[in-house]
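**Q** Turn these sequences into a full structure, and let the hints steer you where they fit.
As they're listed, the protein sequences go chains A and U.
Just so we're aligned, residue 312 is where the first sequence starts under my numbering, counting upward by one.
Just so we're aligned, residue 431 is where the second sequence starts under my numbering, counting upward by one.
Computed list of chain U residues with no C-beta within reach of chain A, every gap over 12 Å:
(1) GLU461
(2) GLY520
(3) THR639
(4) LEU738
(5) THR740
Below 35 Å or equal to it, Euclidean Cα-Cα: the simulated DSBU-like pairs (lysine-lysine) are:
(6) U/LYS571 x U/LYS614
(7) U/LYS608 x A/LYS475
(8) A/LYS349 x U/LYS567
(9) U/LYS608 x A/LYS491
(10) A/LYS475 x U/LYS510
Because the hints were derived from the structure by calculation, they are not lab data.
For each residue, glycine too, the CB sits at the ideal point set by N, CA and C.
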Amino acid sequence: MASSAVEKMGTEQQKEEELPVVLLLHPLLFLTKGELLKKFRFLMPWEAKSMSTHEFLTTHAQSVRALLSVGIFPVDSETIRSLPSLQCIVGTSAGVDHIDLAECRRRGISVTNAGTAFSEDVADLAVGFFLDLLRRVSSTDRYVRRGLWPLNGDYPLGFKLGGKRVGIVGLGSIGSEIAKRLEAFGCSISYNSRRKKPSVSFPYYSNVYDLAADSDVLILSCALTEETFHMVNKDVLSALGKEGIIINVGRGALIDEKELVRCLVQGEIGGAGLDVFEKEPDVPKELFALDNVILSPHRAVLTPESFDALQELVIGNLEAFFSNKPLLSPVKDE
Amino acid sequence: METVGVLMTKPFSAYLEEELDKRFKLFRFWESSNRKEFLKENSHLIRAVVGNATAGCDAEMIGLLPKLEIVSNFSVGLDKVDLVKCKERGIRVTNTPDVLTDDVADLALALILAVLRRICACDRYVTSGSWINGNFKLTTKFSGKSVGILGLGRIGSAIAKRANAFGCPISYYSRSEKSNTDYKYYPSAVELAANCEILVIACALTEETHHIVNREVIDALGPQGIIINIGRGSHIDEPELVSALVEGRLAGAGLDVFENEPQVPEQLFGLDNVVLLSHVGSDTVETCKEMADLVIANLEAHFLNKPLLTPAV
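**A** Okay, structure coming up:
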């Protein structure tokens with residue numbers, strides 16, 4: 312090889328070695344490697360076929376300061392404890408309940424999430440579910456595709472959106488985008504949040520039960536924490552009532568799923584739009600035949616546009632961390 | 431008014447049927463085995479016709495009803511009522527504008543989201559047990575996409591207001607440019623299609639707008655484009671639309687109306703990027719009642735010699 316080529320390779324290798332090191336525990340799902348590889352050097356335990364992940368971490372990752380969390384694959388306390396130099400976990404999802412936040416707090420490790428990169432797409436899907444349920448879009452589409460329109464005539468009537476009372480649980484970035492959209496359809500908005508938001512004029516409810524009692528549709532767009540686990544339980548579903556609809560674009564475990572299924576099967580609530588479930592990808596089969604239920608395989612954020620926005624944010628967060636600047640989308644400890 | 435004969439063309443509203451029956455002498459056109467005979471036999475009594483979007487009042491019917499004074503239609507679109515003939519004969523015509531504007535606009539947005547975000551297809555994906563095998567593919571974001579509206583009347587404006595809340599830039603084509611709006615105007619359907627990603631048909635069906643969405647417009651919209659039709663099936667050259675979808679020259683379509691309802695082109699049944707509805711634009715419990723009440727109110731006003739509430743002719 313010409314000496315200049317060898318030199319060039321040498322420089323590139325050197326450049327690569329100077330790049331900040333980021334640990335990955337799982338191959339990237341939707342982000343594109345190209346951009347990231349120009350700026351960071353990734354440690355990828357699964358490529359060391361002779362070692363378990365734990366062995367790899369204890370051998371090669373002791374000085375790693377940053378971890379890029381892929382999807383919602385768990386980052387548990389054992390993993391965190393095997394990384395003594397870890398100072399930052401950059402998340403690629405809206406929710407970070409898959410990361411042991413308590414352990415991070417103990418160690419002073421910052422965590423970032425997807426910030427607002429996904430908010431519009433998630434909000435759009437929540438609104439899409441609401442429209443679909445009230446106007447019977449999926450069930451009518453099925454009806455037409457089965458050739459039933461010429462045979463059986465018109466499908467049953469749906470319901471008007473205007474004037475419906477929408478209760479949003481979690482008025483963060485996603486919840487606010489949902490509110491903005493549904494107002495344009497003439498819906499009235501109320502919300503429940505950890506704390507009342509002084510800059511927001513929508514009526515505030517301090518608990519989900521009261522919000523459900525006064526709502527025609529309950530939309531869940533909050534984080535899953537110890538406090539919010541199964542927050543939608545038998546009582547809340549009962550308060551929502553026979554004509555009430557529930558839409559979940561948060562996390563499956565926000566709802567007592569068994570209870571939800573029972574209510575839907577027995578007609579005790581009016582319908583549901585669900586993008587998330589307690590044990591994905593398992594979805595309770597009793598829901599499959601229900602015309603007033605929309606099921607979705609946890610893909611509210613799966614658009615190229617969301618991932619472009621996420622890519623920018625991830626690079627921004629990593630660059631900020633490595634240059635000691637404020638992180639772009641830190642998860643606040645509240 | 432119990433002696434006033436009112437002909438209802440189809441059983442499109444049980445509530446309306448009941449209310450007409452209470453007030454007038456109701457003739458149920460769908461119960462007749464021989465339509466012409468039925469009309470001839472009862473022509474001395476029938477003074478009003480109540481039709482809807484698909485079964486209106488054509489020249490033949492008008493010809494067979496010499497005592498016809500008013501057509502009170504259960505729809506806002508009047509393409510199935512022979513307005514020229516009505517004018518000639520001095521027959522009044524009323525429709526149901528405004529009460530259904532929101533529902534139809536809501537449905538347009540429902541179709542956009544269902545198509546772009548593959549809501550129906552994803553539901554099928556889960557119920558067929560496919561999720562175990564892997565994630566659904568990426569869909570496309572709606573917020574921020576450019577929306578082009580054909581016809582910026584009541585319904586078109588209501589659609590624009592909603593799409594605005596999703597951050598969508600709005601453009602439109604109309605018979606004439608509107609002075610009271612900031613939306614971008616294009617002087618033809620082709621130019622509108624060339625400059626938007628989601629084309630929504632929201633105008634009235636007339637001779638001019640028949641097949642307004644043709645091959646040229648479909649080509650201008652392009653393979654990333656989506657068509658949403660909440661107008662009338664005949665706004666679109668349906669065979670052209672079907673081949674564009676089947677051949678991938680359009681990214682998708684949300685259709686509430688078809689050229690020959692209730693016939694829907696079967697080639698569309700296997701496509702994941704289309705959503706097919708059975709002309710449900712204003713089919714909500716609340717709005718159907720309001721529409722029915724308006725039909726009755728117009729009829730009563732006419733037979734009491736009071737001003738019509740929503741006259742079209």
